[in-house]
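Undergrad: So the chains spell out like this:
Protein chains: 2
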Amino acid sequence: MQKTNLAKEFPKISGHWKPRIAAELNGQHVKLVKFQGAFVFHHHEHEDEMFLVVKGRLRMDFQDSHEWIEAGEFIVVPRGVEHCPVADEECWVLLFEPASTLNTGNLVNEHTLTELERV
Amino acid sequence: MQKTNLAKEFPKISGHWKPRIAAELNGQHVKLVKFQGAFVFHHHEHEDEMFLVVKGRLRMDFQDSHEWIEAGEFIVVPRGVEHCPVADEECWVLLFEPASTLNTGNLVNEHTLTELERV
Chain A
1 MQKTNLAKEF PKISGHWKPR IAAELNGQHV KLVKFQGAFV FHHHEHEDEM FLVVKGRLRM
61 DFQDSHEWIE AGEFIVVPRG VEHCPVADEE CWVLLFEPAS TLNTGNLVNE HTLTELERV
Chain B
120 MQKTNLAKEF PKISGHWKPR IAAELNGQHV KLVKFQGAFV FHHHEHEDEM FLVVKGRLRM
180 DFQDSHEWIE AGEFIVVPRG VEHCPVADEE CWVLLFEPAS TLNTGNLVNE HTLTELERV
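Each protein sequence line maps, in turn, to chains A and B.
Each residue of the first sequence is one higher than the one before, counting from 1 in my numbering.
Each residue of the second sequence is one higher than the one before, counting from 120 in my numbering.
Misleading hints may appear alongside valid ones.
What the hints assert, rightly or not - Cut-off 25 Å, straight-line C-alpha distance, at most; resulting in silico cross-link-like pairs (PhoX-like, lysine-lysine):
| # | chain 1 | residue 1 | chain 2 | residue 2 |
| --- | --- | --- | --- | --- |
| 1 | A | K55 | B | K127 |
| 2 | B | K137 | A | K3 |
| 3 | A | K55 | B | K122 |
| 4 | B | K127 | A | K12 |
| 5 | A | K18 | B | K131 |
| 6 | A | K12 | B | K174 |
Honestly, the hints are just simulated from the structure, not real lab data.
Here the structure is a predicted model, which is why all the values come from computation and not from measurement.
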């Protein structure tokens, strides 16, 4: 039972769009990920996904709208909703989602990661 | 699909040890709660519980040890583990746990809340 310090763990993460598992509980994962640039539109068939911004800011694009998520804010994207995270500058994000969640949801492409490292 | 701003929501919460539901996803709740003073030793039979400190600091007491959790840190207390949160000064905590979780776990006492308000 070890605590996790976000300010210490994020700097150890190299690369963007590569979530690391920080904790597992009740079949869910807490993941830490750095975003920079634009990801890709996708949805998750069976998983709701929470994005909590730890540092920087994130723009979550939806099909007909977008929402800015600043540090200290979070949003839950329900299953089935097409979304694309975008970060003009590097943004640190804590994700809560089921352990089964694939980062690219319904897509399999060059961003897809089937094995995640742990912090 | 609304974002939640932690710095705006916590000041609206009155009282201590009264979690408010901020979001629901995948059968889990994200709750916001203010701690001050000592709670009570308890455990959750079937639920792991995550405590992320947003402001202040929290001491998590276990039966033979304790862990200080500072702002920007989190800990997961696994199901079955006796624990008692203590905060000398007011501490703001984000909880992530199954929707079924009772705040006092295996105990029913004056702290027990069966109906939680939403932020």
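Undergrad: Look at each hint and say if it fits the structure.
TA: To see whether the hints hold, each was checked on the structure:
no.: 1; hint: A:K55 <-> B:K127; in the structure: 17 Å, holds
no.: 2; hint: B:K137 <-> A:K3; in the structure: 23 Å, holds
no.: 3; hint: A:K55 <-> B:K122; in the structure: 16 Å, holds
no.: 4; hint: B:K127 <-> A:K12; in the structure: 30 Å, violated
no.: 5; hint: A:K18 <-> B:K131; in the structure: 35 Å, violated
no.: 6; hint: A:K12 <-> B:K174; in the structure: 23 Å, holds
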